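Listed below are the residues making up each chain.
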Amino acid sequence: MSRYVVRRLGFLLLTLLLTSMIIFLITQVLPGDPARVILGREAGEQAVAQLREELGLNDPLVVQYVRWLGNFITGDWGTSYSTGTEIRPFVMQRLRNSMMLAIVALLIAVPLAVFLGVWAGLREGKPADGVISVSSLAVVGLPEFVTGLILIQLFAQRWPLFPPNSSIPVDATFREALPMLILPALTATFVLLAYIARLTRAGVIEELKQPYVRTARLKGLTGSTVTRKHVLRNALLPTITVIAISIGWLISGLIVIENVFNYPGIGRALLFAIDRRDLPLMQAITLVTVLIFAFANLGADLVYAWLNPRIRLE
Amino acid sequence: MSNQSILTVSNLTVAYRRDRDWLTAVRDVSFNVAAGQTVGLVGESGSGKSTIALAIMRYLGKNGRVTQGNIDFMGRDLVTGSDADLRDLWGNHIALVPQDPLSSLNPSIRVGEQVAEILRQHENMSQNAANARVRDLLSMVKLPDPERVARSYPHQISGGMQQRVMIAMALSTEPKLLVMDEPTTALDVTTEAAILDLIRDLIRERDTAVLYVTHDFGVVGRICDRVLVLYAGDLVEEGTASAIYHRPNHPYTRGLLASVPQLGQSKIGFQLQSMPGQIPALGERPEGCVFAPRCPVAVDSCATWPDLATSANGDSRVRCHRRDEIADGSLVVDYSAEMVYAEGNRHTDRDTILTADNVAVHFPVTRTMKQVLRRDKPDLVKAVDGVSIRVEPGRTLGLVGESGSGKTTLARTVVGLTGRSSGEMVLLGSELPTGLKGRDLETLREIKYVFQNPEETLNPYLTIGESLRRPLMRLRSLSRREADAEVARLLESVRLSADYATRYPRQLSGGEKQRVAIARAFATNPALLIGDEAVSALDVSVQASILNLLNGLQAEHGNAILFISHDLGVVSYLADDIAVMYLGHVVEFSSAEMLLQPPHHPYTEALLSAIPNPDPDQEQTAILLSGDVPSAINVPSGCPFHTRCPRYLGDICREEMPPWRDSAEGTRIRCHIPLNELRSEQL
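Which chain is which? The protein sequence lines are F and U, in order.
The opening residue of the first sequence carries number 0 in numbering that gives the first Met the number 0; numbering runs sequentially from there.
The opening residue of the second sequence carries number 0 in numbering that gives the first Met the number 0; numbering runs sequentially from there.
Next comes chain F alone, as it looks inside the complex:
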């Protein structure tokens, strides 16, 4: 197992290095001169050239890349071109918000989806299975802004249980923020629900066919013991992987949902940076996003390996 972990970590580092290069190169070829962006359209050529020199934009690309990556690793993420403030505290603040939202969404989505998936899988081909499968598919087909707006319409306007606007204050605690997190989290749940539930269902159906389930049943164990103790342990393995991977998406992929609810998460921060051509901010946010995805994946692999004795004890 330790060998497995070390190898996975090695792959992770390699992935991060490669993506950091790609991010750096892409931001280089984007149109627009950063010095010009900072100084504005009226600034003279000379001032722009001087700023380019100060920012190190005339150095060879490799030098710029190494400097940028080195600074990033040591915690110096630079200053935003558009706001003139330090990038790191800003991104960290947004990251915290995104994580709060992700946690609430996971707490709602996972138990619900797993429950529905197991329920459907144990009743394959029966009416309950059909209802769950069809309705979860119907929900996943709706775009997030539609479900988001419907939720606002219902639970903020008709029955004002939750606020329609989720723009939480900068220093809000989790408890204070919670009411504002429910509706966006529900919207994200709709996207994840069908995915996780269908995978769980498939896992349960697949495992039920295995001869060891017959062995367990023929021991005289009750149906619920067989399901709980024998089937789920193996059937949920792929589900757990998918949940871990979806954490990455929940933290950094909710751009549409954040916009619908005006939620100050990392997705909206990225939109903001792109809108302003704020190169260092863009780079920092993308790199953080990649980091989150990479670690979510690593987590998924490790959890899977740990739960699966065939890998753990290799």
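Since the hints were derived computationally from the structure, they do not count as laboratory data.
Among the clues, some could well be false.
Taking CB as the label site, the calculated pair distances span [claimed, not checked]:
| id | chain 1 | residue 1 | chain 2 | residue 2 | range |
| --- | --- | --- | --- | --- | --- |
| 1 | F | V138 | U | P285 | 51 to 57 Å |
| 2 | F | V28 | U | V364 | 43 to 49 Å |
| 3 | F | G55 | U | V364 | 45 to 51 Å |
| 4 | F | K208 | U | Y647 | 41 to 47 Å |
| 5 | F | V302 | U | R64 | 38 to 44 Å |
| 6 | F | V138 | U | S478 | 55 to 61 Å |
| 7 | F | K228 | U | S138 | 24 to 30 Å |
| 8 | F | K208 | U | G649 | 49 to 55 Å |
Note that this is a predicted model, so its numbers are computed, not measured.
Cβ coordinates follow ideal geometry from the N, Cα and C atoms, glycine included.
Dock chain U against chain F, hints included.
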């Protein structure tokens, strides 16, 4: 032994649903099993034997149901009983030992816990009491170090150990009835012998009633008191194991027994009988006698369903209109083979087709972190470790050994699918490049391979004709039209009609697919044909026809054959020369005639003794080998067999690789024990 009846099956009819129809899979079968009695359910695939076993366990699945009849277990009706009734019986009074132990154990629960949960369920044992009992049970099935086994996950123990765990599990609650569904079929022959002995001892001690499902008459002879022979869902013959073996009176039972090569039968002077045709599919079974379409003595009256009745000599009950004629000997059931081939050798100008000299195949094992940091060399799996063989034209070399012996790896190096680490190979006088890349078309033409599983070796999207045309056009540069003509000829040579060319693999039975695979191998008339367990996946009646086919084709074309099998009966029937492999080494060379004659290598001796004898009246004692085959990473020093050898001498076996010893009869044995000593002890 009491004669209390434990299980009574009356007029059992089972059907499976296909679309809207219920197709009868088992028809009107009645029998009973008494305490202390072992009843064998024997048949080929599609005979309904597993269906009966599953009906008794009431585990037919959604698509199967008992449409008629009763199954009575000690006064309780298993067909109509409630689920709660069955949960009380399952694991408690009735237990199943399945065929494949690995997939029948939960991969993510420790073995000990999987046994313990039965005890907690049925015996109300506490956690600690159950765990202690589990260790007793594991030692009862002779597992070394039960503590460690109990803590292991299924994948960490060998197949034989897994099956012992399943047996411990089944016997944990001292059930009255044990249903065993081919429990040794997936195991090596020496492991099988040990498991069969274990089963026999345990059920005798406990007076358990056993229903034993198998396709193997050897196993029947070893363990069963009574036998039910099934064909296409009908019980065609029933009697004592001895009567069925010595005086079978149903034409199917006769054919079945005559199609399995017994040890000592050789292709020279003994033609296997092969039944024509195949078991009818579900839904296509004739109304009358189900065997009539394949029966050599069928008459008009066979269109009506015969009774199951005692034949004239009174031994067994037979479902055949002509049972009395067969029993008194006035009617001979003969499936005599139909083909006669002319001799004609292609490579007779040479005395050797292939030589392998000191060939080794070592695979590096992925290193651990520690080994990488310490810059250790990776461990090696020594799959083949210094093997020299010679294959002669028109002759068959049989490679025998259990799983892990390296026989398949050796064959793969010959065909070029696996590279060799060292050693030389010479084909038809020229050096054979190690991998496929270095080989020219000429070489590719001369070596062909027939794999074990015909289901997986034909491309499901190509017609049979397209599959056969490829080697013809690519390796023999025939035009499309010439190739099509040749396809017809090839199909005919494996006794399939030319219209098979337009069919897809899914439309063929397993035996027919293997014929196509053989036709494909013969497309280039190779100098060397490799058959890797080429009949192991087939039913015995089909196996016989494939063996006859190989013999006929070889006699006609003079090809050399390298035939690999774990089945000594099959190898000694088909082969002229035999090499016995153990853990990457050849330990004995023998001619097929001399294989049964001492001196033997101690490993060969154990193998031979382990093969179950189908004659129930002969006492058989297998030489049981201790433990499992060691890992090929840590091949024992000296003689690789010394860790399990029943004739272990001492330090010399551990320290020195034994010398080759040549007997006067031409047998070569690699052992420290002198031949005359082996011979005198093995007589």
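Do the Cβ positions of F/G55 and U/V364 conform to the proposed distance bound of 45 to 51 Å? Hint holds: Cβ distance 49 Å, inside 45 to 51 Å.
Does the beta carbon distance between F/K208 and U/G649 stay inside 49 to 55 Å, or does it fall outside? Cβ of F/K208 to Cβ of U/G649: about 52 Å, so the range 49 to 55 Å holds.
Distance restraint hint 55 to 61 Å, applied to the beta-carbon atoms of F/V138 and U/S478: 60 Å, holds
Assuming the hint says 38 to 44 Å, is it satisfied by the Cβ distance from F/V302 to U/R64 or not? 42 Å, holds
Between F/K228 and U/S138, does the C-beta distance stay in 24 to 30 Å? 26 Å Cβ-Cβ, so the 24 to 30 Å window holds.
Range hint compliance [Cβ, F/V28 to U/V364, 43 to 49 Å]: The hinted range 43 to 49 Å holds for F/V28 and U/V364, with Cβ atoms some 46 Å apart.
Given the hint of 51 to 57 Å, check if F/V138 and U/P285 actually sit that far apart at their C-beta atoms. Holds, at about 54 Å.
Per the hint of 41 to 47 Å, is the separation of the Cβ atoms of F/K208 and U/Y647 within bounds? 46 Å, holds
Violated hints: none; the structure is consistent with every hint.
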